[in-house]
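**Q** Take a look at the letters that make up each chain.
2 protein chains.
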Amino acid sequence: MAKPVPTITTIAEAAGVSIASVSRVFNGQPVRDSTRRRVLAEAERLGYVPNAVARSLKSNRTDQVAFAVEDIGNPVYLAMLREIQPVLRADGFRLVVHSTGGDPGEEIEVLRGLGRRHADGLVISPIRVTPDLLGALAQAAAPVVVIGSVPPGTPVDNVRADSRTGVRLALRHLLDIGRRRIGFVNGPLDTVPGERRDAAFRDGMAEAGRPVDEGLVHVGGFRRETGAEGARRLLAHPHGPPDALLCANDLIALGALDTLRAAGLRVPDDVAVVGMDDTELAAVSWPTLTSVCLGSAERGRRAAGLLLDRLRGAPPAAPAAGSARTVTVAPRLVVRASTTGGDQ
Amino acid sequence: MAKPVPTITTIAEAAGVSIASVSRVFNGQPVRDSTRRRVLAEAERLGYVPNAVARSLKSNRTDQVAFAVEDIGNPVYLAMLREIQPVLRADGFRLVVHSTGGDPGEEIEVLRGLGRRHADGLVISPIRVTPDLLGALAQAAAPVVVIGSVPPGTPVDNVRADSRTGVRLALRHLLDIGRRRIGFVNGPLDTVPGERRDAAFRDGMAEAGRPVDEGLVHVGGFRRETGAEGARRLLAHPHGPPDALLCANDLIALGALDTLRAAGLRVPDDVAVVGMDDTELAAVSWPTLTSVCLGSAERGRRAAGLLLDRLRGAPPAAPAAGSARTVTVAPRLVVRASTTGGDQ
DNA sequence: ATGAGAACTGTAAACGTTTACAGTGGGGGG
DNA sequence: CCCCCCACTGTAAACGTTTACAGTTCTCAT
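Keeping their order, the protein sequence lines are chains A and B. Heads up: the first sequence begins at 182 in our numbering, then just goes up one per residue. Heads up: the second sequence begins at 182 in our numbering, then just goes up one per residue.
Be a bit skeptical, because a hint or two may be false.
So these bits of chain B aren't anywhere near chain A, every CB distance computed over 10 Å [to be verified]: (1) His279; (2) Gly402; (3) Pro468.
Quick look at which bits of chain B chain A covers, simulated, 3 or more residues with Cβ under 8 Å [unchecked claim]: (4) 226-236; (5) 297-308; (6) 516-522.
Distance windows between CB atoms, simulated [unchecked claim]: (7) B/Pro267 with A/Ser504: 32 to 40 Å; (8) A/Arg391 with B/Arg447: 24 to 32 Å; (9) A/Val400 with B/Ala271: 42 to 50 Å; (10) A/Glu406 with B/Thr507: 33 to 41 Å; (11) B/Gly316 with A/Arg493: 31 to 39 Å.
Hint data in this document are derived by calculation from the structure and do not stem from the laboratory. Beta carbons: idealized from backbone N, C-alpha and C, even for Gly.
Please put together the full structure from these sequences, using the hints given.
**A** What follows is the structure in structure tokens.
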């Protein structure tokens, strides 16, 4: 009852040709028509399927690309995944997904995996950029594209959002609709996005000539509870609640909406709320959420494109010194009811 | 400037031992301590990393598992993915994700991939079960677990939801809160979930002794627009709008909420709304959405478990005739504001 | 019919491992 | 002091392909 899996040799014998001919048939190389037919017939009859592993061993390609993020459930990373997958697939690559939980150790492990030849390339969006990670990036055994920011000089292609402009867009919008006391609820400052958004908020306020009231700044996680909790704290401000809330992502904004609603404050009449990332949640919440679109989908698409360039180009996998490319995706403010209250 | 990637042979020469010893060092087999140290030192120095492809060729394992769904962006599948990944990872498997767009051809292609040895196993959630697909399932070259229903006798482990009970829970709840004219907005009838939910709705109504008014049944896609459009049609019913709406998934329900709000109807006072799948959207919408949890997360977890059983067990990969296991996950009604209006 | 050349085919080596089997050497019991 | 056994190590074959090279068979012009 042992059913031996047929190999190229099995087929060669059955068809009375050499293994080279069988190989050629399956690689579309020139073969006499009668030979091809015989081989295909036997392959069909015996249920032969070429072994991709053996092929990889010779060709040194796996036709796989890895995608590593903190949590694939995060709508931002999901949006990237949805764009990356079809682009790679069109070029015949399969996608291996790694949810690292944000652990730099695991991220480095994934980078190592490139050396093991698990994948031909990697798109990674590290949430914390440690020196170890940078070291591993520099020595990666296959092309890597980073979604996010890396220090200048890092020899790696990268696609970044422009938080600074994004925050500025949001602040300008809030000022435009007449808000003056603007609160800010952010995620952890030791993450790249957290740190960026903090700096951008302060710069943006300075640009607008508004002092930052530390009593109106709250820092927590990029989670809904942080929004709820931050809003509670800001509402208790001695000078009364702020008239606008800038939240470092949509989840935080949703949490803030919960608190505001519970406190009986009207959005946007009493407090305008702006989120960031423009995830699908923004369109679903009530009121619908004005949000800064940082272009996750586009970042995913661009990253996949950059990676494919390297993958298609001959071996010079790692960017030759100085040839690392940086793409910056422009942010866009998507105005909804939580700041204008009109249409819903 | 060619930097030859070191192989087991390179290390063997550098350390003055045989390749067998190097191999043993990296596989934790008994080796004299001094040997081990020398090998590890050279490996470190030369940056040797074992080649997983070559290893796979010998061992006939890839340490990869594939997960194939229609659209990985769908919250239901995403919930599965989030559970599957850590379970498999704990056993050392990487996850290859396939978004098939619901094309049976692509699904069959993924099944074929098992024969090519792309992966050691597969979790698949086909949205349409065609005869071809069943054939491919029966002949899969590696263990497969189906999330969803397959005809009895199909030699494949599967994990299914219990739509019937789920719908019954929803109907009973709606009846309990005094609703009598219950509308139903469903997805395509030629998909497994669509067909199941339709049957369940009709059975459930029959059980409750309520006739089904076809004017209160709408069929479209599993999309938000279908909900909006279905609600519009049902509102125009000659006897007036229904007092409750059962929607075949949360997206449909959200669309319905949009329409109801636009029409000035109050939810749940005028119309109660129930969704299905209990995705994160349900908790975010306004009013928050009562939804039938069909246990996607648990289905994912169970599926991963079943697959691991097969993967760990010796070669009898395919279930021996009749040993296919079926797990049914119990549904649960999550009551929120869209039917009780209380807490929000 | 013959030869040149094209078109195809076969042989064998290589890809980087794992592992059965056959050494090799040293330590301890007799 | 010898021998046996054990622990370790080395040799070589195998995994299933691709491909350089050499060999074979055609085709066609002469």
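**Q** Hint by hint, which ones does the structure fall short of?
**A** Numbers 1, 3, 6, 8 and 9 - these are the hints that the structure violates, sorted from lowest upward.
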